[in-house]
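**Q** If you want the building blocks of each chain, they are given just below.
Number of protein chains: 2
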Amino acid sequence: MASSDQENSGTSSYSSSDGLFKALAEKMLGKVVEFSRKLKKLGQDDPRRIIHSLKVGLAITLVSLFYYFKPLYDGFGVNAIWAVLTVVVVFEFSVGATLGRGLNRMLATLLAGGLGLGTHRLATLSGETGEPILIAVFVFVIAAIVTFLRFLPQMKVRYDYGLMMFILTFCLVSVSGYRDDEVIKTAFRRLTTITTGSITTVIVCTFICPVWIGVELHKVVAGNLEKLGNFLEGFAGEYFQLSEAEDSRDKSFLEGYKSVLTSKGNEENMANLARWEPRHGQFRFNHPWKQYLKVSNLARQCAYKIEALHGYLQPETQTPQEDRSKIQEPCKIISSECGKALKELASTMKKMRRSSALAEPHIAKSKVAIENLKTMLKSGQIWKDSDILEITPAAAVASLLMEVVSCTENIAEAVRELESLAHFKSPKPRVTPEDPPQVMDDNQQGAIIGAPDDHVITVNDGPSDQYLMRNPSSVAEGSRIHL
Amino acid sequence: MASSDQENSGTSSYSSSDGLFKALAEKMLGKVVEFSRKLKKLGQDDPRRIIHSLKVGLAITLVSLFYYFKPLYDGFGVNAIWAVLTVVVVFEFSVGATLGRGLNRMLATLLAGGLGLGTHRLATLSGETGEPILIAVFVFVIAAIVTFLRFLPQMKVRYDYGLMMFILTFCLVSVSGYRDDEVIKTAFRRLTTITTGSITTVIVCTFICPVWIGVELHKVVAGNLEKLGNFLEGFAGEYFQLSEAEDSRDKSFLEGYKSVLTSKGNEENMANLARWEPRHGQFRFNHPWKQYLKVSNLARQCAYKIEALHGYLQPETQTPQEDRSKIQEPCKIISSECGKALKELASTMKKMRRSSALAEPHIAKSKVAIENLKTMLKSGQIWKDSDILEITPAAAVASLLMEVVSCTENIAEAVRELESLAHFKSPKPRVTPEDPPQVMDDNQQGAIIGAPDDHVITVNDGPSDQYLMRNPSSVAEGSRIHL
Chain A
1 MASSDQENSG TSSYSSSDGL FKALAEKMLG KVVEFSRKLK KLGQDDPRRI IHSLKVGLAI
61 TLVSLFYYFK PLYDGFGVNA IWAVLTVVVV FEFSVGATLG RGLNRMLATL LAGGLGLGTH
121 RLATLSGETG EPILIAVFVF VIAAIVTFLR FLPQMKVRYD YGLMMFILTF CLVSVSGYRD
181 DEVIKTAFRR LTTITTGSIT TVIVCTFICP VWIGVELHKV VAGNLEKLGN FLEGFAGEYF
241 QLSEAEDSRD KSFLEGYKSV LTSKGNEENM ANLARWEPRH GQFRFNHPWK QYLKVSNLAR
301 QCAYKIEALH GYLQPETQTP QEDRSKIQEP CKIISSECGK ALKELASTMK KMRRSSALAE
361 PHIAKSKVAI ENLKTMLKSG QIWKDSDILE ITPAAAVASL LMEVVSCTEN IAEAVRELES
421 LAHFKSPKPR VTPEDPPQVM DDNQQGAIIG APDDHVITVN DGPSDQYLMR NPSSVAEGSR
481 IHL
Chain B
1 MASSDQENSG TSSYSSSDGL FKALAEKMLG KVVEFSRKLK KLGQDDPRRI IHSLKVGLAI
61 TLVSLFYYFK PLYDGFGVNA IWAVLTVVVV FEFSVGATLG RGLNRMLATL LAGGLGLGTH
121 RLATLSGETG EPILIAVFVF VIAAIVTFLR FLPQMKVRYD YGLMMFILTF CLVSVSGYRD
181 DEVIKTAFRR LTTITTGSIT TVIVCTFICP VWIGVELHKV VAGNLEKLGN FLEGFAGEYF
241 QLSEAEDSRD KSFLEGYKSV LTSKGNEENM ANLARWEPRH GQFRFNHPWK QYLKVSNLAR
301 QCAYKIEALH GYLQPETQTP QEDRSKIQEP CKIISSECGK ALKELASTMK KMRRSSALAE
361 PHIAKSKVAI ENLKTMLKSG QIWKDSDILE ITPAAAVASL LMEVVSCTEN IAEAVRELES
421 LAHFKSPKPR VTPEDPPQVM DDNQQGAIIG APDDHVITVN DGPSDQYLMR NPSSVAEGSR
481 IHL
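So the sequences go chain by chain: A and B.
Counting from 1, position 82 in the first sequence corresponds to residue 82 in the numbering used here; the numbering is continuous, with no gaps.
Counting from 1, position 36 in the second sequence corresponds to residue 36 in the numbering used here; the numbering is continuous, with no gaps.
Any given hint could turn out to be false.
Copies of the same chain look alike in the list, so a pair counts if it works inside one copy or between any two.
In the BS3-like style, the derived pairs of lysine-lysine whose C-alpha atoms are separated by at most 30 Å in a straight line are [what the hints assert, rightly or not]:
no., residue 1, residue 2
1, Lys294, Lys41
2, Lys258, Lys40
3, Lys185, Lys258
4, Lys350, Lys219
Hints are computed from structural coordinates only; laboratory data are not their basis.
Construct all of the structure, not just a fragment, from the sequences and the given hints.
**A** Structure, rendered in C-alpha cells:
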C-alpha cells in the first residue's frame, strides 16, 4: 500500500527490501520450477506412474459412492469407511502386489473375525467381572503370538500383511464386541465392506492398464543378461584400445552391469509378488518364477567376474600395450562371443521363444578361442622375455575371461531349463524355397554347434518381428538360426 | 466306540484303518514338531523377537483399555478403534521404524484433517447438488496427486507411509463429513485417538528393551568388515594348502563374506530408518549414517575382489602347488595383514574408539609385502621355466591381492572419517610406569606407522574391556596401541 510519494522519498530502503523480496520470490520460484521438473521427469521416465495415480483416484472415488448414495449408505452404515481405507492401503502399483494385499486382507478379516466372535462368546460366559479380564488376556496372547509368527521367513514373504490384519481385526471384533453387543453385525459389515473395497481395487488395478509384476521381473532378468552382454561385447575394444576416438564414444555400456550386482533383493521381492498373479499373456499361473531367480543369480556370478574385469580397465593396473596385444585375438573373440551369447539368451527371454540354442555357436566359438589362448600361453612363445610383474594383470584378465565363458555356459543352461519350464513357444521358421522344412527340437540343439553358417533360416513371425523392429542391430547378428 | 468283540472280529480292517489313522497322526505330529522347532530356533536366534511380540501385546492391551473403561470410552466413542488400529500398524521392530511411522501418521492426519475440513466447507457452499460432485472431484484430484508424489524417491524413502495416511485421512474426513455433519468433531477425535495410539506405541517401543536400528546398522557394517577380515586371514592358508587336516576344519569363514555382496539395499533402508531415532548412547541425533553407507560400499568393493579370489580356491582353476608356493611368502603376508587391518577397523567401529590407527601398521606391512612380491616377479627368477598357462591363475591371485590392499586402504580412510564425524572417543591409554603419558590425536597417526613395536600401551577402560571379554582373541592381537 505504499503511495507514490513514499516510493520516491524512501527509494533506498524500499529498493533494498524490494530486492530481498525479489530474491526470496526468485528462490521460491526456482525451487518450484525444479520440483515440477522433477515431477515431469518422474512421469516421463515411466508414464505408467501417471496412469497408476489416476487409477487410485478412480477407485477411491468409486468406493466413496457408498457414502454418497443413501440406499448403499443405509446398508453399510459408518462401516463404509472401511471400504475407503481398504482401497487406500491395498492399491499397489502392480497387480501381484495388489492381489497379494487384497487376498491377505480378506482372508485375515474372515479368520480373525471368526476367532474374535468365538473369543467374545467365551468371554461373555464368564460373567461381567471376568469378561474384560478374559478379553484382555486373549488380546494380549493372540497379538503376541501372531506378531511372533510374522518373523517366520516363509510367513514374512507372503503373509506379513495378512498377519497384521489378523491382529487388527481380532482386536476390533473382540474388543468392540464388549461394548455394543452387535458383534456379529459388526464383523459381517466389516467383512463385506473390506471385500467390496478389495474387489473394487483389484478390478480397477487389473482391468485398466495393468502393470504385471511378473512381466517386470521377466524384463529385468532379460535386461540383466543384456547388460552383461553389452559389457563383454565392448570390453575387448576398451581393454586393447582398439578404437581410436577414445573420448568421444558413449561408455555407458561399461557401467550398465553394476546394477546387476545389487539387484538380488529387488528380484526376490518381485518373484514373491508375481506368484499372486493369475494367468496373463504367455505367463501362466504357475510360471516358474524361481527359475528366473536362478538365471539372475548366475548372471550375478558373471557380474562379479565382470566387476573384476572392469578393474583392469584402470590405467594404473595395466600390462604394457605391447604385451597385452599378444593375447588380443583370442581374448577379443572370447569376450565378444560371450557377449553375443548373452544377448541371444536375453532375446530368447524377451521374445519367449525357444531360441536359446542360438547362443550355442557363440559359446562354442569362445571355447575354441580359449583353447587357442591356452595353446598360446602353453607354447611359451608369447611373454617369453617379458617381465612377469607386468604381464600379471593381463594374465588375470585372460583367466577371468575363461571363467566368464563357464559362467555364460551356466546361464545358457539355466535359460534352456526356463524355456521348457515356462513353455516358451517353438520358433516357427520361415523356410527359404531351396531348403527342406526343418523343425528344431531340444534334442537337435547339440547338432547345431559347429554346423556350417550358410544354411540360414530367418525367424520371422509376429512377436519376434516386433522385437526386431525395436532392436534393429539384432537383426544382423542374432536372429538367425545357424543350421 | 468299538467294543472288544468288534475289535477281535474285524482285526484286519480295523488295523488297516488304524494304521492309516496312525500314519496321518504321525505325519501331523511330525509337522507340528517341525513347526515348533522352527519357532524355537527363531526365538533362540534373536530373543529380542520374543520381547518385541510381548511388547506389541502389551501396547495393544493398553490401548484396548479405552474401550474397557467407561469414562474414557465416553470421551472417545467409537473412534477409540483408531487407537488400536494405530498401534497395530505403527509398532515396528526397531525404534527408528516405529518413530518414523508414528510421526508420519500423526503429521499426515493433522494436515489431511485440516485440508479435509476446508474441502468440506468449500463443498457445502456450493449447494446440495454441487456438494457430492465437488467432493468427488476433490477426492479424485488429491488422491491422484498424492499417489503420484509417492513415486518421488526422496518422498518414498521417508514419507511414503505419511502420504498414504494423508490420502486416507483426507478421504475419511471430507467424505464422512458429507454424511454426519460432525466433521470437526470427527477430525478432532481421529487426531486424538491416533496421537494416543502413536504415543503409547512409541513409549512401549522405546522404553522397554528398545531395538535401535542405528545400533543394528553399526553392528552390520562392523560385522561386514570382520567377515572380510576373516576371509583374508584364512585365505592364504587355504590357497597354499598350509594346513594338514583339510576336511576337519570349519570352513565357514570362507563363506561369510558372501552376505556382504548383497547387503546394500538392507543397509540403505536401515540408514533411512536410523535418521528418525533420537540420541541414544553414543549415537547422536545427527549421527553420520551416510558415512556408514560409504564404509559399507567400500567393503562391498573389497568383497567383489574377494569373490574373485574365492573362485581361485576351486581345484580346477589352480596353478600347480610347486609354482604357487613360490609366491607364498608375500601373498600370505598381504592376505593376513589386510585381514588383521580390517579386523582392527571392525573393532574400532564396535568399540567406538578412535583406534583406526591400529590398522595402519598392518596396511604398511602388506605394502612392504607387495613391494617384495613385485621385486620377486620383476626379477624373473620365479616361474622362469614355468608354463605361462599354468601360472596364470596364481598371477591373477597375486594381482587381486594387490588390489585388496588398496581397497583396505580406502576402507581405513573411510573409517577414519567416520571416527571424527561420529565423535568416537579418544582411547584413554593406561600408561605403564616407565612411559611418559601420551595422548594420541589425529595428527600423530602418521607417526605411528613404522614405529618400533616395544612401546605398548594397553587400552583398558570400561566399554572396551567389556568388548575384549566377549572377544578374547582380539586381546592378543588387536587391542594395543603401537607407539
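**Q** Taking the earlier hints as the rules, which of them does this structure contradict?
**A** 3
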